[in-house]
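K.L.:
Sequence:
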Amino acid sequence: MFDFEKLDVYQKAKLFNKEVYAFLRASKTIDSVSKNQLRRASLVLC
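Under this note's numbering, the first residue of the sequence shown is numbered 453, with each subsequent residue one higher.
Derived by calculation from the structure, the hints in this document are not laboratory data.
Some hints here could point you the wrong way.
To be verified - Derived DSS-like pairs (lysine-lysine); straight-line CA-CA distance at most 27 Å:
{"no.": "1", "residue 1": "480", "residue 2": "470"}
{"no.": "2", "residue 1": "458", "residue 2": "480"}
{"no.": "3", "residue 1": "487", "residue 2": "470"}
{"no.": "4", "residue 1": "458", "residue 2": "470"}
{"no.": "5", "residue 1": "487", "residue 2": "466"}
{"no.": "6", "residue 1": "466", "residue 2": "480"}
{"no.": "7", "residue 1": "487", "residue 2": "464"}
Claimed, not checked - Per label pair, the in silico range of CB-to-CB distance:
{"no.": "8", "residue 1": "454", "residue 2": "496", "range": "15 to 23 Å"}
{"no.": "9", "residue 1": "486", "residue 2": "465", "range": "15 to 23 Å"}
{"no.": "10", "residue 1": "492", "residue 2": "462", "range": "34 to 42 Å"}
{"no.": "11", "residue 1": "492", "residue 2": "463", "range": "18 to 26 Å"}
{"no.": "12", "residue 1": "453", "residue 2": "487", "range": "29 to 37 Å"}
This structure is a prediction, so every number in the text was calculated from the model and none was measured.
Glycine included, every Cβ here is placed at the ideal spot set by N, Cα and C.
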């Protein structure tokens, strides 16, 4: 484990990313372009 992986902000960003992916998997009304943009935006945080 790297030192940055122990940081609270890193753990919260990973959790946020998981929640975004779960939300996008469950949503049927969001178009694919918006889904891709949200996926990329949540990865920037991690």
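K.L.:
Compare the structure with the hints numbered earlier in the document and write down the numbers of the violated ones, lowest to highest.
P.N.:
2, 10
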